[in-house]
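Sequences and hints are given; from them, build the entire structure.
Residue 40 in the UniProt record's numbering is what sits at position 40 of the sequence shown, and the numbering runs on without skipping anything.
It should be emphasised that the hints constitute simulated quantities derived from the structure, not laboratory data.
Just so you know, not all the hints are guaranteed correct.
[Claimed, not checked] Label pairs and their computed distance ranges (CB to CB):
(1) E45 / A91: 13 to 21 angstroms
(2) Q18 / S130: 32 to 40 angstroms
(3) V62 / S130: 32 to 40 angstroms
(4) G7 / L60: 27 to 35 angstroms
(5) A91 / G7: 27 to 35 angstroms
(6) V62 / G31: 25 to 33 angstroms
(7) P111 / Q76: 25 to 33 angstroms
(8) R127 / E17: 27 to 35 angstroms
All values reported here derive from a predicted model rather than from experimental measurement.
Note that CB positions come from ideal geometry on N, CA and C, so glycine has one too.
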Amino acid sequence: MTAPRTGVRLLVVDDEEQILELLDLTLSIQGYEVCPAGSGPRALEILAAEHIDVIVMDVLMVPWDGFETVRRMAAQFGAGLPPVVFLSGLARPAVMPELGPDVVQEYLVKPFRPSQLVERIEEARRRKASG
Numbered sequence: 001m002t003a004p005r006t007g008v009r010l011l012v013v014d015d016e017e018q019i020l021e022l023l024d025l026t027l028s029i030q031g032y033e034v035c036p037a038g039s040g041p042r043a044l045e046i047l048a049a050e051h052i053d054v055i056v057m058d059v060l061m062v063p064w065d066g067f068e069t070v071r072r073m074a075a076q077f078g079a080g081l082p083p084v085v086f087l088s089g090l091a092r093p094a095v096m097p098e099l100g101p102d103v104v105q106e107y108l109v110k111p112f113r114p115s116q117l118v119e120r121i122e123e124a125r126r127r128k129a130s131g
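This is how it looks when you write it as structure tokens:
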């Protein structure tokens, strides 16, 4: 059993319902509190209303892809934006898109093990706290 991560809230964003449900279950088992969102616009609404510690964001979505969603979040929340872990079935771009000076980001290529996702989430939290 994993040690509880009491009070650590994740905004998990994916436009594929089955993947969103799987991520919700996987991360809940790991002890996180999960706020699921099925689109970028819905994620922005949740972020405005809830305290979120880390955002887990799929890259390939509609109507806004993950990068566009984070750009909009960064424009609204600036330095208050939680760190972001991007998930994608595509290799990490050689040059990541410019998302704003305050965006702390990690990138994980699908498929991945739950332990790899937890490592990226915790690394994003450490980087945000240190910097």
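Structure-based check of all given hints:
The hinted range of 13 to 21 angstroms is not satisfied by E45 and A91, whose Cβ atoms lie roughly 31 angstroms apart. For Q18 and S130, the Cβ-Cβ distance of about 35 angstroms falls inside the hinted range of 32 to 40 angstroms, so the restraint holds. For the pair V62 and S130, the supplied restraint of 32 to 40 angstroms holds, since their beta-carbon distance comes to about 35 angstroms. For the hinted restraint 27 to 35 angstroms between G7 and L60, the CB-CB distance of approximately 31 angstroms keeps it satisfied.
Distance hint check for A91 and G7: the Cβ-Cβ separation is about 34 angstroms, which falls inside the suggested range of 27 to 35 angstroms. Distance hint for V62 and G31: a CB-CB separation of about 31 angstroms, consistent with the stated range 25 to 33 angstroms. Distance hint check for P111 and Q76: the Cβ-Cβ separation is about 32 angstroms, which falls inside the suggested range of 25 to 33 angstroms. The supplied range of 27 to 35 angstroms is met by R127 and E17, whose beta-carbon atoms lie about 30 angstroms from each other.
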